[in-house]
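The task is simple: from the sequences and hints, build the whole structure.
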Amino acid sequence: MAQEQYLDYLRYERRFSPHTIVAYELELDRFAQFLLSESVNFQSVDYRLARYYISTLKENGRASTSVNRTISVLKSYYKYLLRSGLVDQNPMTALKSLRAPKKLPVTVEKEKLITMLEERASEMDSFSDQRDLLVMELLFGTGIRLSELLNIRDEDVDFYKQEIRILGKRSKVRLVPIHEQLVEQIRNYQSEKKSALLQNMSAHLIVSNKGKPAYASMIYQLVKRYLTSITSQKKRSPHVLRHSFATSLLDNGADLNAIKELLGHAGLVTTQVYTHNSAERLKLIYKQAHPKA
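1 is the number of the first residue of the sequence shown in full-length UniProt numbering; add one for each residue after it.
Any given hint could be a false lead.
Stated by the list, open to error - In silico DSS-like cross-links for lysine-lysine, where the CA-CA straight-line distance does not exceed 30 Å: (1) Lys112 to Lys75; (2) Lys260 to Lys224; (3) Lys103 to Lys58; (4) Lys161 to Lys110; (5) Lys260 to Lys235; (6) Lys161 to Lys212; (7) Lys224 to Lys172; (8) Lys79 to Lys172; (9) Lys234 to Lys103; (10) Lys112 to Lys224; (11) Lys103 to Lys169; (12) Lys194 to Lys212; (13) Lys210 to Lys235; (14) Lys235 to Lys224; (15) Lys172 to Lys112; (16) Lys235 to Lys169; (17) Lys112 to Lys234; (18) Lys58 to Lys161; (19) Lys96 to Lys75; (20) Lys212 to Lys235; (21) Lys96 to Lys58; (22) Lys79 to Lys96; (23) Lys112 to Lys79; (24) Lys169 to Lys234; (25) Lys210 to Lys169; (26) Lys194 to Lys235; (27) Lys224 to Lys110; (28) Lys234 to Lys224; (29) Lys260 to Lys112; (30) Lys75 to Lys58; (31) Lys194 to Lys161; (32) Lys110 to Lys234.
It is worth saying that the hints were derived from the structure and are not from the lab.
Predicted model only: the values in this text are computed from it and were never measured.
This is how it looks when you write it as structure tokens:
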């Protein structure tokens, strides 16, 4: 009964999605089965029993991220029960989330990427070819996010200072430098855009073939098409190019704080994940090159 009340609360008051409701219900059903096997009702659960339940999940092979989701659901459930007067205490409060292993950013080999971009530069036959190549060069050359790319307007490019005004997360503005080759590419592209799309042309830098602002799925598809030619890895998204940009800078000795500013990270902790990538890369080079490795 208490479980149904809680799910109705999530459904009608919190407006959780049907998918989330199903996930919560599954977690609570598992917990209810555990309580049944221990001959305990939900009102009699204490911290030691809650901790024992979490330990059984780990012993049964559940991943840390999955266990942490269970902890989150149970904490929310008992918080609701306590507020509703259905229990006298919340035994889940002291439960701590498990340390989940950090996933290293997925990148592509910069040598392959650079070679591919140079080859494509010599094969451009149309406005769309020029635009698609510029998208790849911007993502890899600046490390900007997809949303930031879509927000760039023609006026945001300062050719004299060789930088682009980027509107990032939480409406934070930063200035990102661009190299001379990219400056020239943007100039040529804008010139081609004006001659090819004279009517109803958007003020956004990257536009569709009809002159409308580019959209996320369009960029995803062109990035995937480009990356498919050089890698078979599952992840081939715009964010892979952002990761590749940061890793390349770090490999070439760039300061971590500078990379943080270029990427628009709020704190250094987020940027530090790239140091692991570089360390793994050094290990690989060592194993391949050292005679005793």
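To see whether the hints hold, each was checked on the structure:
Taken as a hint, the Lys112 and Lys75 pair is broken in the structure, with Cα atoms around 48 Å apart against an allowance of 30 Å. The suggested pairing of Lys260 with Lys224 holds, with an alpha-carbon distance near 26 Å, which does not exceed 30 Å. Distance hint between Lys103 and Lys58 is fulfilled; the C-alpha atoms sit about 19 Å from each other, no more than 30 Å. Taking the CA atoms of Lys161 and Lys110, the gap is near 26 Å; set against the 30 Å cutoff, the hint holds.
A distance of roughly 23 Å separates the Cα atoms of Lys260 and Lys235; the hinted pair therefore holds under the 30 Å criterion. With a C-alpha separation of about 28 Å, the suggested pair Lys161 and Lys212 falls inside the 30 Å cut-off, and the hint holds. Proximity of Lys224 to Lys172 is assessed by CA-CA distance (about 28 Å); at most 30 Å being required, the pair is judged to hold. At roughly 36 Å between alpha-carbon atoms, Lys79 and Lys172 are farther apart than 30 Å, so this suggested pair is violated.
For the hint linking Lys234 to Lys103, the alpha-carbon distance of about 15 Å falls within 30 Å, and the restraint holds. Note on Lys112 and Lys224: the hinted pairing holds, with a Cα-Cα distance of about 15 Å set against a maximum of 30 Å. Between Lys103 and Lys169 the alpha-carbon distance is near 22 Å, which keeps this suggested pair within the 30 Å criterion. A C-alpha spacing of about 13 Å is found between Lys194 and Lys212, which places the hinted pair at or below 30 Å, so the restraint holds.
Taking the CA atoms of Lys210 and Lys235, the gap is about 29 Å. The hint holds against a cut of 30 Å. The suggested pairing of Lys235 with Lys224 holds, with an alpha-carbon distance near 9 Å, which does not exceed 30 Å. About 33 Å separates the Cα atoms of Lys172 and Lys112, which puts this hinted pair outside 30 Å; it is violated. For the suggested pair Lys235 and Lys169, the alpha carbons sit about 23 Å apart, so the restraint of at most 30 Å is met.
Between Lys112 and Lys234 the alpha-carbon distance is near 17 Å, which keeps this suggested pair within the 30 Å criterion. Simply put, Lys58 and Lys161 have alpha-carbon atoms about 55 Å apart, too far for the 30 Å limit, and the pair is violated. About 10 Å separates the Cα atoms of Lys96 and Lys75, which keeps this hinted pair within 30 Å; it holds. Restraint check: the Cα-Cα separation between Lys212 and Lys235 comes to about 28 Å, which is no more than 30 Å; the hinted pair holds.
Straight-line distance between C-alpha atoms of Lys96 and Lys58 comes to about 14 Å, which keeps the hinted pair within the 30 Å bound. Between Lys79 and Lys96 the CA atoms are separated by roughly 15 Å; this keeps the pair inside 30 Å, and the hint holds. The straight-line distance between the Cα atoms of Lys112 and Lys79 is roughly 52 Å, outside the 30 Å bound, and the hint therefore fails. With a C-alpha separation of about 27 Å, the suggested pair Lys169 and Lys234 falls inside the 30 Å cut-off, and the hint holds.
Of the supplied pair hints, the one linking Lys210 and Lys169 holds, its CA atoms being roughly 28 Å apart against a limit of 30 Å. With a C-alpha separation of about 34 Å, the suggested pairing of Lys194 with Lys235 is violated against the 30 Å cut-off. For a cut-off of 30 Å, the pair hint linking Lys224 to Lys110 stands: about 16 Å separates their Cα positions. Taking the CA atoms of Lys234 and Lys224, the gap is about 10 Å. The hint holds against a cut of 30 Å.
This hinted pair checks out: Lys260 and Lys112 have alpha carbons roughly 25 Å apart, not beyond 30 Å. Among the hinted pairs, Lys75 with Lys58 is consistent with the structure: their alpha-carbon atoms are about 18 Å apart, no more than 30 Å. Distance hint between Lys194 and Lys161 is fulfilled; the C-alpha atoms sit about 23 Å from each other, no more than 30 Å. Between Lys110 and Lys234 the alpha-carbon distance is near 17 Å, which keeps this suggested pair within the 30 Å criterion.
Hints 1, 8, 15, 18, 23 and 26 from the earlier list are contradicted by this structure; the remaining hints agree with it.
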